[in-house]
Amino acid sequence: MVDAPDVHGTEPAARYSDTIGKYVGVYVCLLILAALQFVIAFMGMDTTAKFARMFFIAVAEAGLALLFFMHLWAEKRGFLLFVVVFTGFVLLAMQYGWTDSDRMEVGAPYTQPKQGVVSQ
Amino acid sequence: MSQAHVIVHEHPPGMTTGLPPFSVAAKKMAIWLFIIADAATFAACLVVYGFLRNGSASWPRPFHSIVNVAIMTFILLTSSLTMLFGVRAAKVGDKAGALRWTMITAAGGVVFALLHIREWMGLIGEGMTLFHNPGGNPLFGASFFSITGLHLLHVTGGVVALVAVGLRYKNGRYNADDLEVTGLYWHFVDLVWMFVVPFVYLLNLA
Amino acid sequence: MHEMASQAHVAHHGPPTSFIRKYIFSLDHKVIGKQYYGLAFISVLIGMFLSWLMRVHLGWTNAKIPGLHLLSPSGAPGDVMTPEYYLQLMTMHATLMVFFVLTTAPFAAFGNYFLPIQVGAEDMPFPHFNMMSFWVTFAGFLALIASFFVGDGPTLGGWTQYAPLSAVGSVAGPGEGMGVVLWAISIGLFCVGQLLGALNFITTTLDMRTKGMSLWRMPMTVWGWFITSVMGLTAFAVLMPACILLILDHVAGTSFFVPSNLVINDQLQPHSGGSTLLWQHLFWFFGHPEVYIAIVPGMGIVSHVLIPNLRRPLLSHRVLIYSFGALAVLSYMVYGHHMFVSGMNPVSSIAFSFPTLIITIPSTIIVLIWLASLYGSRLRINSASLFALGFISMFITGGVSGFFLAQPSLDIMLHATYFVVGHFHMVMAVAAMFGIFAGTYFWFPKMFGRMMDERLGKLHFWLTFVGAYAIFMPFHYLGLAGNIRRYQAFAPDYMQRFIPVHQFITIAALITGAAQLIFVYNLVYSRYRGAPAPENPWEATSLEWSTPSSPPPFDNFGGQLPVVYHDPYQYGIESSTGDYVMQTSPEQIKSVRDEA
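Residue numbers (the working numbering), protein chains in the order written: chain U, 1 to 120; chain D, 121 to 326; chain E, 327 to 922.
Mixed in with the good hints, there may be bad ones.
One-sided and incomplete, this derived list gives chain U residues near chain E with beta-carbon spacing under 8 Å [what the hints assert, rightly or not]:
#1 VAL28
#2 THR47
#3 ALA93
#4 TYR96
#5 GLY97
#6 ARG103
#7 MET104
Straight-line distance between alpha carbons at most 20 Å, and here's what the computed DMTMM-like set of lysine to aspartate or glutamate pairs gives [said to hold, decoys possible]:
#8 D:LYS211 <-> U:ASP18
#9 U:LYS50 <-> U:ASP102
#10 D:LYS215 <-> U:ASP102
#11 U:LYS76 <-> D:ASP297
Bear in mind the hints are in silico, worked out from the structure with no lab data behind them. All C-beta atoms, glycine included, are put in the ideal place defined by N, C-alpha and C.
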């Protein structure tokens with residue numbers, strides 16, 4: 001395929017004056033957040049609590065990577081909204097099934113409180 | 121513009137003119153769309169894993185050490201940084217620098233893949249495979265190898281893409297925009313790893 | 327304004343020279359569109375043939391079908407279909423129809439051919455992806471057809487391939503081993519093909535529009551394809567890993583979808599820990615958007631065909647577009663209404679039932695806009711507009727039964743009956759087929775430069791229209807009376823009474839199917855002997871009627887990209903050309919509604 005000149009010519013020049021310092025700053029933040037996940041792994045709490053904290057941090061990491069490494073912050077706001085809202089919606093819509101997962105061990109829907117399934 | 125074409129500025133630009141609504145060129149748009157679709161693919165795999173893990177009373181916790189996964193995470197994150205350097209160099213016209221950083225990124229990917237394969241070999245040596253696992257639910261092996269396998273496939277594809285695009289950038293067939301598009305993919309592979317590490321590794325520490 | 331800044335010339339490829347480049351591995355979106363149409367055409371013929379076999383078997387239990395043993399010696403010993411073979415044919419009928427006809431023809435075939443033309447582009451931005459998209463889909467088709475000839479035949483699990491029977495291998499019945507693997511490979515490939523297609527469609531719509539072609543100036547067809555590709559992008563992306571996991575369950579001994587302690591045919595299965603509902607969640611997360619992937623392009627085509635024949639715009643194009651969008655959004659939130667009787671948590675049933683009832687609102691708005699626009703109009707009656715009307719009729723009839731099925735309490739009674747079969751055949755299958763026919767009659771002059779025979783077209787319409795009702799309306803009554811679906815014979819006493827109805831349906835199906843030969847004849851005859859098409863046979867305004875020739879040259883507009891000045895549907899006005907003005911005409915007009 002032959003190259004596409006960016007005929008729209010609307011690439012904001014500012015993006016590529018992004019400094020190395022900014023990249024390194026975000027990178028260090030990501031390293032710290034990743035390290036935090038490892039720390040949580042060794043904290044004495046049940047799996048659900050660990051999961052919640054790790055998930056929160058992972059989302060924060062993903063946000064940083066999306067906004068600054070993948071330059072979403074420098075794109076038009078409409079594009080940012082499209083990517084985030086659309087993807088977020090689809091990923092959320094995928095979560096309907098969880099109540100059936102809870103029932104794999106205990107059987108029928110309301111028979112008994114779930115025990116020993118999450119908190120191992 | 122013609123006399124008949126009266127623009128009423130009541131909509132975002134793309135709705136009233138022929139300009140792309142997001143001012144994102146086709147190739148970049150395509151890679152973002154791919155990333156969205158791929159995010160759904162990985163999310164489906166992680167949901168499968170979570171669904172089965174949550175529903176299992178005897179989920180195994182086979183990982184004794186975090187050293188290997190920590191090193192892998194560090195390498196992948198760093199390779200994202202070097203990718204950024206590469207794209208930035210290309211954008212400011214530093215062709216040699218761009219090529220160098222791209223190849224360093226690819227090298228990072230190779231090291232990551234090698235470490236990953238070494239880890240796989242270790243686990244297989246302990247008796248864990250797709251369909252078997254020494255203690256507890258065999259689905260651990262199934263979901264672990266599927267998810268990390270899918271990720272490893274993405275890393276491998278990324279390395280090939282980086283080398284191919286880098287070489288074509290060198291001989292002038294591709295430009296800085298193509299490097300940026302490849303970079304977007306590489307960052308996405310990194311982003312997925314940020315979810316794989318906590319859920320697949322860290323929640324299953326012995 | 328950036329003058330002439332709106333064309334992203336990503337795709338530059340010269341006219342093809344060799345035969346292979348021109349007709350087989352072509353990069354031209356028009357050829358790829360025709361290839362998709364051909365694939366759908368072959369698939370629909372096979373699918374229809376399979377349905378005939380099944381109908382004969384249902385109407386006359388254990389009837390001899392001469393020559394059937396040639397198709398499958400083990401599936402039809404002595405030319406009598408075995409129960410398993412009936413299910414295998416049912417599965418193949420559904421898979422071929424849903425994937426390779428209803429998705430392929432209105433979306434991939436017409437979309438490929440007309441989307442770039444209608445937005446004023448030379449081609450799609452990624453013609454190589456486009457070519458791959460078709461050939462990957464074709465490989466999927468071959469894998470599916472191959473399962474007829476491998477081992478003990480194709481899978482019998484239904485197009486939904488419900489676990490665990492689909493995941494345990496041949497112990498679950500003929501075709502459940504290799505047949506399922508081939509099915510999963512086929513559908514996995516199909517997903518890849520449609521993902522590549524969706525990438526192209528979306529980027530074409532957003533980035534390749536010609537000067538003046540704002541989003542609001544895109545024809546309804548383009549909106550339909552665009553919204554469909556956005557749905558397809560994520561829906562197929564979830565089905566693909568599901569297929570891969572299903573294959574792993576077969577070939578790698580995993581048990582994602584097989585629960586512990588499962589006994590099939592007196593054999594304890596060597597699997598444990600999986601979940602059967604997990605497959606259904608993954609499958610229907612794709613499966614429900616898929617229903618709209620099949621129907622929304624049809625809605626776009628119907629609107630696009632109706633408007634030039636109405637000679638005036640629809641009541642509101644914007645509301646129609648918003649309704650398409652609402653369908654797309656809601657389609658992700660309703661998938662569980664396919665699972666009301668699956669053993670899913672009843673709380674989820676309520677969570678799925680509510681959006682399912684909501685989704686009837688945009689559907690109703692769309693229908694009301696069509697009906698209200700038809701009211702008091704002087705519709706030009708031709709084959710294309712008749713089929714568009716037929717689409718609306720089928721969509722209403724099938725949609726009304728959807729109100730019943732959306733409610734879990736009623737669905738529990740109706741789900742396993744022919745009521746559901748009647749419902750989805752009306753609202754999705756036949757409606758979408760009518761959309762394909764409308765599109766074919768409307769665009770044939772553009773695609774081949776010749777007119778189709780109108781008399782044959784109208785005959786084809788009336789036979790198909792009456793036939794479709796004769797086939798599928800009785801299904802609803804059968805279902806209400808308690809006729810179970812997926813049965814190959816109706817042995818219980820209370821179902822014996824239904825057999826005459828089934829015989830009626832079978833005869834109707836044979837006649838309606840035979841009526842399609844008129845269409846095939848019309849298609850082939852008109853391709854070579856049809857009257858030469860005038861430049862703009864329907865006096866339509868959109869860009870496909872501004873190309874220099876029919877069929878358009880390889881770069882669509884002969885090197886000179888059009889400039890767009892108007893909304894696509896400027897009819898019922900006064901202009902120098904009559905009661906309409908082309909999108910490309912710079913003529914100043916008194917604007918009608920929706921002129922952006």
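Hint by hint, here is what the structure shows:
Taking 8 Å as the C-beta contact cut-off toward chain E, the hint placing VAL28 (chain U) at the interface is violated, the least distance being around 33 Å. Because the beta carbon of THR47 (chain U) sits about 17 Å from the nearest beta carbon in chain E, more than 8 Å, this interface hint is broken. With a cut of 8 Å, the hint placing ALA93 (chain U) at the interface with chain E holds, because the nearest CB-to-CB distance is about 4 Å. Contact between TYR96 (chain U) and chain E, as hinted, is supported at the beta carbon level, the nearest pair being about 6 Å apart and thus within 8 Å.
The beta carbon of GLY97 (chain U) is positioned within 8 Å of a beta carbon in chain E (closest approach about 4 Å), and the interface hint is therefore held. For ARG103 (chain U), the interface hint holds, the least distance from its beta-carbon to any beta-carbon of chain E being 7 Å, beneath 8 Å. A hinted interface residue such as MET104 (chain U) counts as satisfied when its beta carbon comes closer than 8 Å to some beta carbon of chain E; here the least separation is about 6 Å, so the hint holds. Taking the CA atoms of LYS211 (chain D) and ASP18 (chain U), the gap is near 11 Å; set against the 20 Å cutoff, the hint holds.
Straight-line distance between C-alpha atoms of LYS50 (chain U) and ASP102 (chain U) comes to about 18 Å, which keeps the hinted pair within the 20 Å bound. Proposed proximity of LYS215 (chain D) and ASP102 (chain U) is contradicted: the alpha carbons are some 55 Å apart, above 20 Å. Proposed proximity of LYS76 (chain U) and ASP297 (chain D) is supported: the alpha carbons are some 17 Å apart, at most 20 Å.
Of the numbered hints given earlier, the model fails hints 1, 2, 10; all others are met.
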